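Given these sequences and hints, build the entire structure.
In case you want the letters, here they are:
2 protein chains.
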Amino acid sequence: MLNHKVVLARSLAGVPVPEDFRVVDEPLPEPGDGQFLVRHIYLSLDPYQRSAMAGRHMTGRQPLGPGDMPAAETLGQVVRSRHPDYAEGQYVRHFGGWQEYGLSTGERTERVDPALAPLSTWLGVLGMPGLTAWASIIELAGVHADQTVLVSAALGPVGSMVGQLAMLRGAEAVGIAGSDEKCAIVTRELGFRACVNYRQKGFLEALRAALPEGADIYHDNVGGQMLADAFSVLKINGTVILCGLMERYNDPAKSKPLDLALPILKRAVMKGLVVSDFEHRRPAFEAAVAAGIRDGRIRYREDRAEGIGQAGAHFSRLMRGENVGKALVVLGPETTGRA
Amino acid sequence: MLNHKVVLARSLAGVPVPEDFRVVDEPLPEPGDGQFLVRHIYLSLDPYQRSAMAGRHMTGRQPLGPGDMPAAETLGQVVRSRHPDYAEGQYVRHFGGWQEYGLSTGERTERVDPALAPLSTWLGVLGMPGLTAWASIIELAGVHADQTVLVSAALGPVGSMVGQLAMLRGAEAVGIAGSDEKCAIVTRELGFRACVNYRQKGFLEALRAALPEGADIYHDNVGGQMLADAFSVLKINGTVILCGLMERYNDPAKSKPLDLALPILKRAVMKGLVVSDFEHRRPAFEAAVAAGIRDGRIRYREDRAEGIGQAGAHFSRLMRGENVGKALVVLGPETTGRA
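Here the protein sequences line up with chains A and Z, keeping their order. This note's numbering numbers the first residue of the first sequence as 87 and each following residue consecutively. This note's numbering numbers the first residue of the second sequence as 87 and each following residue consecutively.
Take these hints with a grain of salt, some might be off.
Said to hold, decoys possible - Capping the alpha-carbon separation at 30 angstroms, the derived lysine-lysine pairs in DSS-like fashion look like this:
no., chain 1, residue 1, chain 2, residue 2
1, Z, 287, Z, 342
2, A, 321, Z, 287
3, A, 321, Z, 321
4, Z, 321, Z, 342
5, Z, 321, A, 342
6, A, 287, A, 342
7, A, 287, A, 321
8, Z, 321, Z, 287
9, A, 342, A, 321
10, Z, 342, A, 321
What the hints assert, rightly or not - Pair ranges (Cβ atoms, derived):
no., chain 1, residue 1, chain 2, residue 2, range
11, Z, 295, A, 360, 24 to 32 angstroms
12, Z, 96, A, 277, 53 to 61 angstroms
13, A, 291, Z, 298, 48 to 56 angstroms
14, A, 360, Z, 395, 52 to 60 angstroms
15, Z, 298, A, 338, 27 to 35 angstroms
These aren't lab readings, by the way, just hints derived from the structure by calculation. Computed from a predicted structure; not experimentally measured. Think of the CB as a built atom: it goes at the ideal place given N, C-alpha and C, for glycine as much as any other residue.
Structure (structure tokens):
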């Protein structure tokens with residue numbers, strides 16, 4: 087039996103294209119003592135993976151070269167175990183990478199209860215993107231009921247949760263997204279008060295019109311010109327959560343720097359967010375969000391591709407901003423009948 | 087009798103030089119009804135005046151052209167009054183500009199009690215620079231005793247007060263200044279734990295050696311590369327007060343932008359400071375600092391020039407970072423024997 091994985095076909099430059107990736111196969115790995123083999127059901131594609139491929143996401147990492155497999159979270163099922171704490175049939179989330187099967191020692195691996203919420207949500211609104219939104223809006227910004235929250239990439243798993251968590255606390259949410267289609271979903275399905283298409287002519291005027299009294303909080307996934315535009319609608323003493331730099335993940339050289347006069351003149355409070363600091367909040371986050379998913383107060387969109395061979399093309403779409411919701415690759419069925 | 091004033095001789099470009107300024111004279115102005123004439127004793131020179139001359143300091147202002155007089159705070163004495171609340175002999179601080187005499191209606195004018203502290207300090211450690219430091223360290227950063235505060239331009243009136251207020255709260259202060267001479271004063275006279283000369287080779291290594299455990303708070307007067315260097319010694323979850331952009335007052339085109347990955351990776355809290363927001367804290371600030379000056383716990387350095395004709399040259403030195411302490415021009419004696 088074979089494991090299919092995606093590796094870089096060449097070093098990346100700028101926005102990725104499908105030809106940057108190729109599928110290779112290898113024999114299915116055998117778990118050693120203390121290991122288990124996970125059959126991947128969902129592969130998570132996230133913008134930070136682009137900067138990780140370039141060796142820029144965390145300090146001290148090397149860029150990936152031809153033949154290297156991108157790292158990523160996957161949701162899957164244990165199919166063979168030589169680990170005392172993980173039985174076959176158990177659903178887990180781990181850093182399995184862009185492949186159909188992956189080994190784990192249990193490190194950076196969490197058990198997932200499929201009764202709590204749909205399996206795929208553990209990579210999205212119930213996963214790292216959702217915890218990021220929780221850390222931003224609940225922990226760092228401490229949103230309260232009379233506030234207005236602005237968020238970019240509003241239909242993505244982080245942005246959609248930023249707005250929805252704000253609304254659960256009684257605040258109002260205004261989104262920014264890359265098409266009228268996305269904006270319609272953000273307002274109609276997710277309940278944001280407004281959503282502004284940043285690709286339209288006159289975006290800044292439309293943003294100002296959507297926020298006549300300004301925003302109390304801006305959650306920034308993007309940096310660059312989007313951050314500058316957001317400062318222009320931020321209230322005096324407003325809060326900015328610095329969380330992502332999407333604008334430059336493809337090409338840092340094209341990044342537009344922040345004019346520090348903007349936060350000074352707005353007396354802004356800016357806070358840098360690294361989601362791994364908030365692991366201790368995961369139980370509270372998961373309980374609240376899983377309940378919200380079950381009772382319909384929390385909604386989400388997914389943009390699915392089928393099969394490991396689509397990972398490169400789907401990731402390329404994501405990095406062009408063409409995804410509509412959380413980008414996932416479906417690698418196999420949720421149940422095989424054996425588990 | 088004549089009033090001598092300094093005006094721009096030409097539009098400014100880059101770092102100012104003495105030839106950018108010239109002295110003109112005019113008849114001494116007569117106060118109208120509700121006005122009073124102030125004889126200026128001290129003229130305050132501050133880096134922000136450079137960006138104000140360029141029309142960049144506050145939004146909606148025009149750059150100064152040839153013949154325009156720079157605005158500035160002055161400390162002086164009322165010599166003729168047609169205002170019911172201001173008597174001749176009264177000491178005041180107002181925005182008198184680069185000239186020997188100025189009219190006031192009482193707007194943006196404060197009475198100064200010469201018994202509380204030396205007159206010149208009302209433009210420095212007891213004035214706007216000191217209030218800026220108070221707003222930063224006491225109000226926004228909320229310094230406490232087990233912390234270490236890093237400040238650039240450490241011998242300037244803002245920086246020296248940032249460090250000294252931190253020390254009054256039991257914290258430790260580390261400074262950055264532009265010469266070994268300044269650094270020696272910062273440590274020996276002001277009591278900072280350490281001071282690092284940013285013009286030395288290997289500055290960053292020296293800064294790291296001075297802060298082996300990092301800084302909890304960085305007060306930024308400068309922006310640019312200095313801010314990036316400060317981030318490299320900031321503790322995780324540290325605080326950065328964004329207060330000045332000295333690095334670009336002379337020439338914004340040469341400014342080095344902030345890499346937003348730095349505050350994100352440091353989980354920093356950055357706060358923009360505009361000193362005029364803290365007018366309501368001025369009484370508490372003045373009481374504490376005037377007492378500190380009188381009992382010697384608060385020290386300060388002044389860099390004085392004599393005569394209005396020196397204002398341009400003295401300001402040029404300030405904007406090259408060659409001042410040693412608060413830059414002042416002495417325009418006349420503190421007492422004339424008439425008041």
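Here is what the structure says about each hint:
1. Z/287 <-> Z/342: Within the cut-off at roughly 19 angstroms; holds.
2. A/321 <-> Z/287: Not OK: residue 321 of chain A and residue 287 of chain Z at ~42 angstroms, beyond 30 angstroms, violated.
3. A/321 <-> Z/321: holds (29 angstroms)
4. Z/321 <-> Z/342: Between residue 321 of chain Z and residue 342 of chain Z the Cα gap is close to 22 angstroms, so the pair holds against 30 angstroms.
5. Z/321 <-> A/342: Holds, because 26 angstroms separates the two Cα atoms, which is no more than 30 angstroms.
6. A/287 <-> A/342: holds (19 angstroms)
7. A/287 <-> A/321: Answer holds: residue 287 of chain A to residue 321 of chain A is near 24 angstroms, not above 30 angstroms.
8. Z/321 <-> Z/287: holds (24 angstroms)
9. A/342 <-> A/321: holds (22 angstroms)
10. Z/342 <-> A/321: This hinted pair holds, its Cα atoms lying about 26 angstroms apart.
11. Z/295 <-> A/360: 24 to 32 angstroms: holds (27 angstroms)
12. Z/96 <-> A/277: 53 to 61 angstroms: holds (59 angstroms)
13. A/291 <-> Z/298: 48 to 56 angstroms: holds (51 angstroms)
14. A/360 <-> Z/395: 52 to 60 angstroms: Given range 52 to 60 angstroms: holds, Cβ gap about 55 angstroms.
15. Z/298 <-> A/338: 27 to 35 angstroms: holds (31 angstroms)
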